[in-house]
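Listed here are the chains, written in short residue letters.
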Amino acid sequence: DAGVIQSPRHEVTEMGQEVTLRCKPISGHNSLFWYRQTMMRGLELLIYFNNNVPIDDSGMPEDRFSAKMPNASFSTLKIQPSEPRDSAVYFCASSLKGQGGYGYTFGSGTRLTVV
Amino acid sequence: AQSVTQLDSHVSVSEGTPVLLRCNYSSSYSPSLFWYVQHPNKGLQLLLKYTSAATLVKGINGFEAEFKKSETSFHLTKPSAHMSDAAEYFCVVSGPGGYNKLIFGAGTRLAVHP
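So the sequences go chain by chain: A and B.
So that you can map any letter, position 34 of the first sequence is 34 in this note's numbering, and since no number is skipped, the others follow by simple counting.
So that you can map any letter, position 14 of the second sequence is 1014 in this note's numbering, and since no number is skipped, the others follow by simple counting.
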């Protein structure tokens, strides 16, 4: 099992540009989560999906952020336009719905720097 | 509502001495509890989990945690710290509903000195 795969590992972009982060969950997992981690705010849940359907997006900071899950094996998090305060590490995680005891498996994260 | 409080933001120990990272939780039902570790510039790795079976839970790398309902605590311990244990540790509680939403504590940074 390759685990949760995120790409790119690092992204440096200029303010105002569109940024797309990608995630491939573990095969068979039906819940997918996007987190943002910063020194100031720690780990923040942005959005999560179950069976490809967004369940709770209350953590998405602004309309500039959007997330999609077109199928069970792929999800994207898009920021348009990007701003310097979006600089953070973005983690994707997957899990089995209803299997509360299993926790999440996290990807290695994407470190985003907006200059 | 479910929440976790990690009582120490930083803990510093000497190599070979015991480690204690404290966590209190709040939950309106019997929770699932977890500890995750994050090494510098790495993702988060599951250390151990409690899911209403044995109250003493053993995890990877010699860590263990004890669920104490009367104290609403889930402290993480290790008998002897190793330099490689230096990392940030997160206490986590499962959220409400069936969607396996996890709620993370603020984290405790563990430093290990020679």
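Quick caveat, the hints were computed from the structure, so don't treat them as lab data.
Treat the hints loosely; a few may be bogus.
[Stated by the list, open to error] Taking beta-carbon pairs under 7 angstroms as the criterion, some of the chain A residues facing chain B (in silico):
1) Pro8
2) Gly42
3) Leu43
4) Gly103
5) Phe106
6) Gly107
7) Thr113
[Said to hold, decoys possible] Far from chain B, by Cβ distances over 10 angstroms, these chain A residues were calculated:
8) Met15
9) Lys78
10) Arg85
It should be emphasised that the depicted structure is a prediction, and the values quoted were computed from it without experimental measurement.
Where is the CB? At the ideal position from N, CA and C, for every residue including glycine.
Do the hints match the structure? See the list:
Given the 7 angstroms rule on beta carbons, the hint for A:Pro8 is violated: about 14 angstroms separates it from the nearest Cβ of chain B. The restraint placing A:Gly42 at the interface with chain B holds, with a minimum CB-CB distance near 5 angstroms, inside the 7 angstroms limit. Hint on A:Leu43 holds. Least Cβ distance to chain B is approximately 5 angstroms, under the 7 angstroms limit. Interface restraint check: A:Gly103 against chain B, minimum CB-CB distance 5 angstroms, threshold 7 angstroms, status holds.
The interface hint given for A:Phe106 holds, since its Cβ lies 4 angstroms from the closest Cβ of chain B, which is under the 7 angstroms cut-off. Residue-level restraint check for A:Gly107 holds (minimum Cβ-Cβ distance to chain B is 6 angstroms; threshold 7 angstroms). The beta carbon of A:Thr113 is not positioned within 7 angstroms of any beta carbon in chain B (closest approach about 14 angstroms), and the interface hint is therefore violated. The claim that A:Met15 is not at the interface with chain B holds, since no C-beta of that chain comes within 10 angstroms of its own (minimum 24 angstroms).
The Cβ of A:Lys78 sits about 21 angstroms from the closest Cβ of chain B, beyond the 10 angstroms cut-off, so the non-interface label holds. For A:Arg85, the requirement that its beta carbon stay farther than 10 angstroms from each beta carbon of chain B is met, with the minimum near 20 angstroms.
The structure fails hints 1 and 7 (numbered hints given earlier, in ascending order).
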